[in-house]
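**Student:** Using the sequences and the hints, build the whole thing.
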Amino acid sequence: MDSSLHEVWQAASGRPFVPTIGKDSQFFVAFTLLLIGLLLSGAFALNRSFASIPVLGVPASLAIAFGVVYMFCAVGVYV
Amino acid sequence: MKTSAVFSAALSLVALVSPSAAKSTTALLTPPQVFKNTNLVHVISVEKNYVKENVNVLIENISKEPQDEYYLPFTADQVSRLGGVEVKDRKDASAGPFSTQTVELDPESDTLYLRIQLPTPLKAGVQQTLGITYYFLDAYKPLPASIKQDDIQFLAYSFSAYLPSAYATLKQKTEVKFPSSTIPDYTRLPGSGDVKEFPQKQGSKLTYGPFTEQPAGAVEPVQVRFEFNKPVTHISELQRDIEVSHWGGNVAFEERYTLYHHGANLSSLFNRVKWTQANYYNPTTHALKELKFPLRIGSADPYYTDVIGNVSTSRFRSNKREALLEIKPRYPIFGGWKYPFTIGWNSDAKNFVRATASGGYVLNVPFLEGPKQVEGVEYENVRVRVVLPEGAENVKYHTTIPEISITDASVVIHQTFLDTIGRTALIIKARNLVDDFRERELVVSYDLPLAARLRKPLVVFGSALVVFVSTWVLGSLDFSFSSKRK
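Protein sequences, first through last, are from chains G and C.
Counting from 1, position 68 in the first sequence corresponds to residue 68 in the UniProt record's numbering; the numbering is continuous, with no gaps.
Counting from 1, position 404 in the second sequence corresponds to residue 404 in the UniProt record's numbering; the numbering is continuous, with no gaps.
Calculated directly from the structure, the hints in this document are not laboratory data.
Keep in mind the model is a prediction, meaning the values are calculated, not measured.
Check the hints yourself; a few may be wrong.
Said to hold, decoys possible - Here are a few chain G residues that sit away from chain C, every Cβ distance over 10 angstroms (derived from the structure):
id, residue
1, Phe31
2, Thr32
3, Leu35
4, Ile36
5, Leu39
6, Gly42
7, Phe50
Said to hold, decoys possible - Straight-line C-alpha distance at most 30 angstroms; calculated BS3-like pairs for lysine-lysine:
id, chain 1, residue 1, chain 2, residue 2
8, C, Lys320, G, Lys23
9, C, Lys292, G, Lys23
10, C, Lys148, C, Lys173
11, G, Lys23, C, Lys350
Just so it is clear, CB atoms sit at the ideal spot from N, CA and C, and this is done for glycine as well.
**Tutor:** In structure tokens, the structure reads:
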């Protein structure tokens, strides 16, 4: 038990936690990112070369990564 | 054979000797007589389905040394049902709640003591006014023990007209407050002074006393029986989960209740037709038919389920002024019946989480947010689990729930969706709480490094990249049959 925490809470009154993407736009962002990821994956599938990995694979992975996290949140499983 | 006979004879001798030995040690194992209670007012409130007792006592240090420990005795059975103990200085509110602890002075005695630590030792001959508040759960006995579905329920409560005290008490009185003025039976005691008989009845209040000087440990058992045509709601287990999501900007609440009605049992089988009819002409009943949960403003997406599945008899009013969840159990709950159920809801993280100046985060949630009923609700075991984001560290907490009610606090790992190492979870266990402690706050502070914050997308990114690289590697392998032999 740390009795000073109430003061910590009071001191932080001007800094409520606001997420980067609000709840209302989570589905749109997630859907867009997953769509971009899917399209880039499709493009990678058509041109499977080593150069395509940094050009298409990495951006696709990034889009899928953030898209998956936000899609989890958008459907109500707040991870 | 001979040896065993000698041994049993020796044992019986020990048994004969030990009571006297125990008696002599008991005398040493009681609190030192360093205080006297100059004036004591004991207020017992049986208005709700738990007992709230308030003791206002003017204590005086009668020893020659300063003293800082005051003892209040309870039986072992009472201690198992005792909760929410808070002690304050009645004349100095700034002194804050005093530290309390249950101690056993004599292992062979049924009496345990509540040791109250005075913040500053009381000098010899000096007086101080203590305000001691505590609750007893499961305190009543329905009398009669079984009644008809449309009968009125009566409860009985036994206590001592003198407050059991470890010290001599010069003057005291006990007031008992009831939910209504219908008190058909109560123990009568011979009066003193101008009063011929105790208690004196004024509306819904009985007053035993004022009594003259009583020695330490004096008791006078009395019983009261009163009308209580409301449910005696007892929650044997409440599991409350609070899940913080930084990615989703959400705090999710889920509460799993195991609820019992500890009132009078039904003397005959439940009659659904009679119940429906009675609801039209006589809405007051001792059965539990509705629970109201006033949630924090901004709560959303409520759900209410039980072992069968979703229960559709609920209503949620949410606007700028309130967020009230009203639920109706699947069946009315009568005495001796059980109803386990689950409720849950979401809220924006900005209502509960703030960023600190040092780069960490602080969460402030109510410790309890259970139903708010006119008749009150009592909680036997409460387990609050605060699930913080994955990788949260340096977890500290503070709660305004009485410290004596908290039985255990630990930080564990809880694994759920999209986790790799699992989320940091703070588990606090408490015992014997009542709905008076609704809205008592629980503040949790934690740090969340950047690497931990990005763990989830990084894991998915890594997995996706592995798929792309594997596709390229497998795609570049030549599995075709060699044409050299042709």
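**Student:** Now tell me, hint by hint, if it's right for this structure.
**Tutor:** Structure-based check of all given hints:
1. The claim that Phe31 (chain G) lies off the interface holds: its Cβ sits roughly 16 angstroms from the closest Cβ of chain C, which is beyond the 10 angstroms cut-off.
2. Separation of Thr32 (chain G) from chain C is adequate, the least Cβ-Cβ distance of about 15 angstroms exceeding the 10 angstroms criterion.
3. No beta-carbon of chain C is positioned within 10 angstroms of the beta-carbon of Leu35 (chain G); the least distance is around 15 angstroms.
4. Non-interface status of Ile36 (chain G) relative to chain C is upheld: no Cβ of that chain comes within 10 angstroms, the nearest being about 12 angstroms off.
5. The non-interface label for Leu39 (chain G) is consistent with chain C: the shortest C-beta to C-beta separation is roughly 14 angstroms, beyond 10 angstroms.
6. Listed as a non-interface residue, Gly42 (chain G) keeps its Cβ farther than 10 angstroms from every Cβ of chain C; the least gap is roughly 12 angstroms.
7. Listed as outside the interface, Phe50 (chain G) is inconsistent with that label: its C-beta sits roughly 6 angstroms from the nearest C-beta of chain C, within the 10 angstroms cut-off.
8. For the proposed pair Lys320 (chain C) and Lys23 (chain G), the alpha carbon gap of about 19 angstroms is at most 30 angstroms, so the pair holds.
9. Between Lys292 (chain C) and Lys23 (chain G) the alpha-carbon distance is near 28 angstroms, which keeps this suggested pair within the 30 angstroms criterion.
10. Under the criterion of a C-alpha separation no larger than 30 angstroms, the hint pairing Lys148 (chain C) with Lys173 (chain C) is inconsistent with the structure, at around 37 angstroms.
11. The straight-line distance between the Cα atoms of Lys23 (chain G) and Lys350 (chain C) is roughly 12 angstroms, inside the 30 angstroms bound, and the hint therefore holds.
Of the numbered hints listed earlier, those contradicted by the structure are 7, 10.
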